[in-house]
Amino acid sequence: MSAENATVSSSWFGIPGTIDVFGIPVELLTILLTIVIIVAGFVIAHSVRIVTTRYLGSHLPPDTRKTIGRISYYVIIAIALFSALGVSGIDLSGVFLAGGIAGIVIGFATQSLFSNLISGIFLQVDKPMKIGDPVLITGKLPDVAGIVVEITTLSSRLRMFDGTYVRLPNSDVFLSEIRNFSGAAARRVEISVRIAYREDTTKVVEMIRKSLRETPLVLIEPEPDIYVDSLGDSAVNINVWCWVPFSVWFNMRKQLVEQVKKELDANRIEIPLPQRIVYLADRSHSRKGGSSLGVSSGEIHEGLNIDEYMHQND
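305 is the number that numbering that gives the first Met the number 0 gives to position 306 of the sequence shown; each next residue is one higher, with no gaps.
None of these hints come from the bench; they were simulated from the model. This structure is a prediction, so every number in the text was calculated from the model and none was measured. Certain hints may be false.
[Unchecked claim] Computed list of lysine-lysine pairs in DSS-like fashion (alpha-carbon distance at most 25 Å, straight line):
1. Lys202 <-> Lys253
2. Lys261 <-> Lys209
3. Lys209 <-> Lys139
4. Lys139 <-> Lys126
5. Lys209 <-> Lys253
6. Lys139 <-> Lys65
7. Lys209 <-> Lys260
[Claimed, not checked] Here are the in silico distance ranges between beta carbons for each label pair:
8. Glu269 <-> Ser246: 34 to 42 Å
9. Tyr196 <-> Ser111: 56 to 64 Å
10. Glu269 <-> Phe180: 49 to 57 Å
11. Ile276 <-> Phe180: 24 to 32 Å
Idealized CB from N, CA, C, for every residue including glycine.
Input sequences plus hints: build the corresponding full structure.
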């Protein structure tokens, strides 16, 4: 009688209460609960990927959204599988040990990969540059200047100003200094002008200022700044600074350089060439010595430049 009751208690309506799995008796309820957890994990992972891709990551590029959704999907599935294995009563100590060792090895092997992935996400969140921006990247990388073409999960691509393309790892880009030239509506044009010492600097400054004031695309505010910057070896250096709309900066810079040159020519303002005064010693005396350099102080023709010296010898 007791054996019959045991048989009945171990079955539900003729369905056995336990099933042998590889020779190990496993309760049917445990198997059903394991299946439910796995199915629920797949459903939740699929839903989270849809929500992340379509809504939470709507401000991110398509590649980044897909990557974030894919990572979320696999993380949830992994959690569901480990939860199901834990419910089933299987000893997971060996699995966790092997997984820990494999995780350490994979972590070292893919360190740069994950670094680029995280940096790519931070670039999308921080937005120091976007597609179509002209930028200069300096610091960690050699100087790279160009137009941003694409920002993917692992790298950024730029079209340099000479027409070539360059691919940069996101980790290096994120740690570098990014100078974005499209961040403001206006950009300053800087031109350096050299005039002879005999010219009137006040007249030249006012002449250039008047020319800029009559140029339509030169902004009134901020006001152009023209000033004497330094006194060079053979010329007075004048800086010309003015602001123009960013969209026409390159064309305006070319135009203004030519415009300032024509204005100086029209007013007969001299742009001097570099000048040097060369002192020559008498070769016949220099051979006799007199100094550690073979030229004595008395053998120098002072005050003569090369043209005067050659004319004197003639």
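Consistency of the hints with the structure:
1. Lys202 <-> Lys253: Between Lys202 and Lys253 the Cα gap is close to 24 Å, so the pair holds against 25 Å.
2. Lys261 <-> Lys209: Holds - the C-alpha atoms of Lys209 and Lys261 are around 13 Å apart, at most 25 Å.
3. Lys209 <-> Lys139: Distance of about 44 Å is beyond 25 Å: violated.
4. Lys139 <-> Lys126: Holds: Lys139 and Lys126 sit about 19 Å apart, inside 25 Å.
5. Lys209 <-> Lys253: holds (18 Å)
6. Lys139 <-> Lys65: Status violated; Cα separation ~29 Å.
7. Lys209 <-> Lys260: This hinted pair holds, its Cα atoms lying about 14 Å apart.
8. Glu269 <-> Ser246: 34 to 42 Å: For Glu269 and Ser246 the Cβ distance comes to about 36 Å; the hint holds.
9. Tyr196 <-> Ser111: 56 to 64 Å: holds (58 Å)
10. Glu269 <-> Phe180: 49 to 57 Å: Cβ of Glu269 to Cβ of Phe180: about 35 Å, so the range 49 to 57 Å is violated.
11. Ile276 <-> Phe180: 24 to 32 Å: violated (43 Å)
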